[in-house]
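Kindly generate the complete structure, drawing on both the sequences and the hints.
Here my numbering is used: position 8 in the sequence shown is 8, and no number is missing along the way.
Treat the hints as calculated values from the structure; they're not laboratory data.
On a predicted model such as this, the values are computed, not experimentally measured, just so you know.
Cβ atoms here follow ideal geometry from the backbone N, Cα and C, with glycine treated the same way.
Worth double-checking, as some hints may not be accurate.
As the list claims (entries may be wrong) - In silico DSS-like pairs for lysine-lysine, Cα to Cα no more than 25 Å straight-line:
id, residue 1, residue 2
1, 180, 120
2, 180, 154
3, 154, 120
As the list claims (entries may be wrong) - Per label pair, the in silico range of CB-to-CB distance:
id, residue 1, residue 2, range
4, 125, 92, 18 to 26 Å
5, 91, 171, 29 to 37 Å
6, 125, 163, 15 to 23 Å
7, 156, 121, 17 to 25 Å
8, 137, 193, 15 to 23 Å
9, 129, 104, 27 to 35 Å
10, 171, 95, 30 to 38 Å
11, 138, 99, 15 to 23 Å
12, 171, 106, 15 to 23 Å
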Amino acid sequence: MPITTSGSYSRKILSASARHSSPKNGQSTSRTPWGVFRPVRRSCDAGVRGGGGAGGFWRRLFGGSGVDELKPQRLDYLNEALALERQGDYEAALTSYRLALRDHPTDARILQNMAIAFTKTRRLDEAIRHYRRALELDRDLAGAHYGLAFLLLKRGDPDGAAQHLRAFLAHPPKGPDAQKWVEHATQALRDLGAAGPPQAAAAEAP
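Okay, here's the thing in structure tokens:
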């Protein structure tokens with residue numbers, strides 16, 4: 001008859017503890033609890049908001065990734081939307097943006113990004129509406145003024161386009177990619193004054 005069972009008991013306790021924390025049972029203690037946002041690695045790109053750059057918006061508007069534009073920190077929906085845009089799946093990206101906007105209805109940059117996605121899918125009325133809504137929330141949002149100006153040119157509204165081009169140039173973005181868009185907006189505004197509506201309406205964002 002054994003004197004003690006402490007060794008056997010200890011092994012049972014350790015075994016039970018290992019089973020409880022084993023990822024095979026789906027109970028890993030490293031799993032993020034429901035409702036807690038996972039930390040997201042911040043981009044080190046020069047165009048991040050708060051870093052003084054605006055390169056992310058321009059790369060996204062003209063075909064780049066722009067992962068640094070929103071600099072998502074909490075919402076998985078934003079990460080999803082940006083990743084889907086990089087894959088060219090704008091419809092799915094819009095779904096994720098809508099979910100992000102539901103949680104942050106006053107975030108002008110989400111609305112701006114939605115306007116870009118609507119432009120990519122040729123839904124210009126929706127793009128214009130979202131740009132306008134973004135500007136209601138942030139009247140100095142340079143990218144929204146720029147994008148809206150060229151959409152209005154396509155729609156035959158040179159006066160409205162000129163207004164937004166002036167607003168864009170009054171608060172131009174900073175960063176290495178911004179100068180050529182400033183030059184393009186300046187030239188478009190000159191064309192509006194010199195050539196009149198018929199010729200100016202043919203102008204498009206590069």
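Here's how the hints hold up against the structure:
no.	hint	result
1	180 to 120	21 Å, holds
2	180 to 154	21 Å, holds
3	154 to 120	14 Å, holds
4	125 to 92: 18 to 26 Å	21 Å, holds
5	91 to 171: 29 to 37 Å	32 Å, holds
6	125 to 163: 15 to 23 Å	19 Å, holds
7	156 to 121: 17 to 25 Å	21 Å, holds
8	137 to 193: 15 to 23 Å	30 Å, violated
9	129 to 104: 27 to 35 Å	18 Å, violated
10	171 to 95: 30 to 38 Å	31 Å, holds
11	138 to 99: 15 to 23 Å	21 Å, holds
12	171 to 106: 15 to 23 Å	20 Å, holds
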